[in-house]
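Engineer: Sequence:
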Amino acid sequence: MTTHFPPAPSRAARARVALTCAVLVLLTVVTGYALFTIGNAMTEPTRHQAAAVAGDTQRQRDTEKMARSEKAAAEVEAAKLEKEAAALEAELDGIKGVIR
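Residue numbers for the sequence shown follow my numbering, beginning at 14 and rising by one.
FYI, nobody ran anything at the bench for these hints, they're computed from the structure.
The reader is advised that the hints may include incorrect statements.
Keeping only pairs whose Cα atoms sit at most 25 Å apart, straight-line, the calculated SDA-like set for lysine to any residue is [claimed, not checked]: (1) Lys78 to Gln62; (2) Lys78 to Ala91; (3) Lys84 to Asp69.
If you anchor each label on the Cβ, the simulated ranges turn out as follows [claimed, not checked]: (4) Lys109 to Glu83: 32 to 40 Å; (5) Asp106 to Gly68: 51 to 59 Å; (6) Thr59 to Ala92: 32 to 40 Å; (7) Ala63 to Leu37: 32 to 40 Å; (8) Gln62 to Cys34: 39 to 47 Å; (9) Arg27 to Ala63: 48 to 56 Å.
A quick note: this is a predicted structure, and the numbers were derived from the prediction, not measured.
Just so it is clear, CB atoms sit at the ideal spot from N, CA and C, and this is done for glycine as well.
Produce the entire structure from the sequences given, and follow the hints as far as they go.
Structural biologist: Written out as C-alpha cells, the structure is:
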C-alpha cells in the first residue's frame with residue numbers, strides 16, 4: 014500500500030498565505046493601537062477631574078484648618094476679655110465700697 018501525498022503548494026500560494034498573515038497581523042496591531050488611543054482619550058478627562066477634585070479637597074482642608082485656628086484664637090481672646098471684665102467689675106465693686 015502506498016501513501017499518496019498531495020502536491021506541495023505553489024510558490025504563489027505560499028506568498029498569498031504569507032501576505033494574508035502579514036495583513037492580519039498589521040490589522041491586529043493597528044486595531045490595538047486605536048483601542049489604546051481611544052481608551053487614553055476617554056480616561057484623560059477623568060484624570061483631570063480627579064486632579065481638580067484633589068486640589069479642591071486640599072483647598073477645603075486648608076480652609077477648614079485656617080478656620081479652626083481663627084476660632085481657637087478668638088476663643089483665647091474671648092477668655093482674656095472675660096478675665097479683664099471680671100477684674101474691672103471687682104475694681105468697680107472696690108471703688109463703690111470706698112465711695113459708700
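Engineer: Against each hint, give a clear statement of whether it holds in the structure.
Structural biologist: Hints and how they fare:
{"no.": "1", "hint": "Lys78 to Gln62", "result": "24 Å, holds"}
{"no.": "2", "hint": "Lys78 to Ala91", "result": "20 Å, holds"}
{"no.": "3", "hint": "Lys84 to Asp69", "result": "22 Å, holds"}
{"no.": "4", "hint": "Lys109 to Glu83: 32 to 40 Å", "result": "38 Å, holds"}
{"no.": "5", "hint": "Asp106 to Gly68: 51 to 59 Å", "result": "57 Å, holds"}
{"no.": "6", "hint": "Thr59 to Ala92: 32 to 40 Å", "result": "49 Å, violated"}
{"no.": "7", "hint": "Ala63 to Leu37: 32 to 40 Å", "result": "38 Å, holds"}
{"no.": "8", "hint": "Gln62 to Cys34: 39 to 47 Å", "result": "43 Å, holds"}
{"no.": "9", "hint": "Arg27 to Ala63: 48 to 56 Å", "result": "53 Å, holds"}
Going down the numbered hints, you'll see the structure goes against just number 6.
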